[in-house]
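Asker: Sequence:
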Amino acid sequence: MKDVLGASATSIDWPVVREAWAEGARTPMGAAAGRTLPPLPDRAAVMAALDGAAEILHLEDLGAVLPVGAVTDIRAAAARAEKGLVLDAPELAAAGSALRALLDLAKAFDAAAEDAPTLARVASVIDIDAFTTETIQRAFEPSGQLSGTVYPVLAELREAINRLHEEVRGTLDRLVKGEELGDDLLQDRFWTVRDNRYVLPIKSHAKRWDLGIVHDTSGTGRTVFVEPHAVIELNNRLRLAEGKLREAEHAILADLSRELGTQRYAVDIGVEAATTIDVACARAALARRLRGTRPDVGEGQRIVLTQARHPVLVLRGVDVIANDLTLDAAHPVLVLSGPNAGGKTVALKTIGLCAELVRHGCYVPAAEGSRVDRFDGVLAAIGDQQTVEGDLSSFSAHLVALVAMLERAGPGQLVLLDEIASGTDPAQGSALAQAVLEAMADAGARVVVTTHFAALKGLGAVDPRFAVAAVQYAEGRPTYRVLQGAVGESHALSIARRVGIGEDILARTEALLGAQELELGRLLHALEQERGRAEAATAEALRLRAEAASTAAALAEREARLQKRVKELEEKGAAKYLERLKQAERAIGQVVAELQRAPSHESVRAARATVDALRAVAPLSEEANTARNSEEAPPVGVGDRVRHPTLGVGDVVGAASDGTIQLRIGSITTRCRAADVQRLAAPSPSATRRGGTAVKLAPRRAELDTAVRLPTNTLDMRGMRVDEGQTAAEQFFDKAVQAGWEQVFLLHGHGTGALKDGLRGWLRTSGYVSDWAPASEEQGGDAFTVVMLGR
0 MKDVLGASAT SIDWPVVREA WAEGARTPMG AAAGRTLPPL PDRAAVMAAL
50 DGAAEILHLE DLGAVLPVGA VTDIRAAAAR AEKGLVLDAP ELAAAGSALR
100 ALLDLAKAFD AAAEDAPTLA RVASVIDIDA FTTETIQRAF EPSGQLSGTV
150 YPVLAELREA INRLHEEVRG TLDRLVKGEE LGDDLLQDRF WTVRDNRYVL
200 PIKSHAKRWD LGIVHDTSGT GRTVFVEPHA VIELNNRLRL AEGKLREAEH
250 AILADLSREL GTQRYAVDIG VEAATTIDVA CARAALARRL RGTRPDVGEG
300 QRIVLTQARH PVLVLRGVDV IANDLTLDAA HPVLVLSGPN AGGKTVALKT
350 IGLCAELVRH GCYVPAAEGS RVDRFDGVLA AIGDQQTVEG DLSSFSAHLV
400 ALVAMLERAG PGQLVLLDEI ASGTDPAQGS ALAQAVLEAM ADAGARVVVT
450 THFAALKGLG AVDPRFAVAA VQYAEGRPTY RVLQGAVGES HALSIARRVG
500 IGEDILARTE ALLGAQELEL GRLLHALEQE RGRAEAATAE ALRLRAEAAS
550 TAAALAEREA RLQKRVKELE EKGAAKYLER LKQAERAIGQ VVAELQRAPS
600 HESVRAARAT VDALRAVAPL SEEANTARNS EEAPPVGVGD RVRHPTLGVG
650 DVVGAASDGT IQLRIGSITT RCRAADVQRL AAPSPSATRR GGTAVKLAPR
700 RAELDTAVRL PTNTLDMRGM RVDEGQTAAE QFFDKAVQAG WEQVFLLHGH
750 GTGALKDGLR GWLRTSGYVS DWAPASEEQG GDAFTVVMLG R
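The sequence shown begins at 0 in numbering that gives the first Met the number 0 and counts up by one.
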């Protein structure tokens, strides 16, 4: 079965995608994992892997620097150190750098825990001892040599060794440049090193002269390398000093190795965590190369790919036709048909590769919203499987693969079959193929199959478990587009004609096919053409709809901008208007205070002059006046009874062509705009009516007739009983007298008339009242009683 799985992976080009995944790793450990990691065991593991890749993409978009690549695999070195072995300086220096990288990695993900919670949990297990890391790192200089600053004994020994080297070289320089050894003895005037000792090149005939110790002879035998007696002692001292240095360095390396050995298990865990993070980095890099998206992953063994592209073709930079591909429980078998070289196998492999990508926690090259559930296995039989060694023909090898797949087919398995049961008698092959597909569907597997068998193409019409799709063939060429729900013709004759097969052969072929099969082919061809036209019309409708939506959005955005600007202007104007009103309110407040103190027509005239001056400061809206006047017809004229919003009720006694009128209020005549007043129904000159009965008004004094009603000098008594009203009136009168008011108003309303009659009868006996009368129309009418307080 392992061979079947391996052949399946190879047949869909999964190793190509795995290699691209491995190339995205930042460490050798991550790359090795990308090439060897098995499929993830369950949906939860798939979701965690997808979360990790998404977090890497997010952090990279934020510009975060992740020190993953600095981690090296020091697990073997730590294990040897734990056993007591002494590591050399390069190994320990590399170990120190790796320990530092692991610490930095843990800190980086601790700081990014909010943006990358999944990988932060992975990194949280890294528990490297900071003191050990610092100790090992400080022990080495950037060159990789043990530090003489940290270990002064090494500096002393190195200095002594350097002095001895200089002394030996100085002695040899004097010998080769002096006359003590002439050209008859020296082969050349230079010194060199043999067996780690300084020597001179001496001519071979002089070796018997006891110039020193011979250490080596040249290949020709003409030169011997002699350590002169003058430097033997210096060389000996040099070798002793170098030995002491090696002993000191070995002792330090042993101590550092023991330090590293204490971190063996922490190193194992840390490197494993770093590898997991690097695998996530590789997944993110592959997602970018594939221009992939994160798919939804469920448990229902569904595949719903939207605008899916073949991963290998994307990696190669091919402009791939994207297709929608669907497989679910309602239709567990998808039958792909259409012409040769039309894209059936590409679609088949796209489904299989997307399933493998999800099984390994990777993004898929499809549009947002695609769904690929996790499958336990992906079994594929694609291409020619004949073997010489196994003495199998193509068809026999295909059957062997089908047997293995039938044994494995079941829930959680995705089976991909390219040209099932081809290579034998079409009738028998078609029947065998149908039986195999039905058995796999019964077993609960999901199956995608490509075929030219007409019987399999028609299964979608008679068996609800089978769905059909076809690669499109238009204008004599394949378009590589997959049409869901369509049945495709093989177009063998069209392709043969296109590649140059003679018309006489094609005519003979059509004769041999028979009328019924030819008619079926023509019908399928016509259906493909009609579907193509419908698809083009749909695309045009969608384009027009998108243009309309874009235009509507642009108009809506413009309207929103205009509304915003209008609002800004309104708010700006309102702020200015409110400021003017505040200024007017302060001025009117002074007028009101004066009116409250001594309301009279003289006060009104003064107030009128102030209001006229304030009208220029806070004018009424022309638009509001125009709108209000448009609702009033006909315009006011001489003789009309009108109400002014500020001055009260009066009569129009004159009108001018500029829209102003002369208004008489009591004994005062003033000028105002006609647009500022509202016409009233003409009152009865001799009486006001209550319940249809005329009530004669009592004679009133001039003070009562000219009193001006204000909110502050009016008592609202509506709803009170007579006794309550008398008590309230007495309290009101007492307050008014204390304030210095001369006239006040009682608002009793009309009602049944009981309160009004009771109050007016009581006023005749009140000690506060010197006179009273029903209010005039200008003062509010018979609903009010104006009272003159005693002086």
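Read the hints as simulated data drawn from the structure, not as lab findings.
A couple of the hints might just be wrong.
As the list claims (entries may be wrong) - DEER-style ranges, computed between Cβ atoms: (1) Arg168 / Thr148: 24 to 30 Å; (2) Leu84 / Pro141: 23 to 29 Å; (3) Pro27 / Arg168: 42 to 48 Å.
Treat the numbers as computed from the prediction; the structure is a model and nothing was measured.
Cβ coordinates follow ideal geometry from the N, Cα and C atoms, glycine included.
Asker: Each hint needs a verdict: does it hold in this structure or not?
Answerer: Comparing the hints with the structure gives:
1. Arg168 / Thr148: 24 to 30 Å: Once the Cβ atoms are compared, 27 Å apart, the range 24 to 30 Å for threonine 148 and arginine 168 holds.
2. Leu84 / Pro141: 23 to 29 Å: holds, 26 Å
3. Pro27 / Arg168: 42 to 48 Å: 44 Å Cβ-Cβ, so the 42 to 48 Å window holds.
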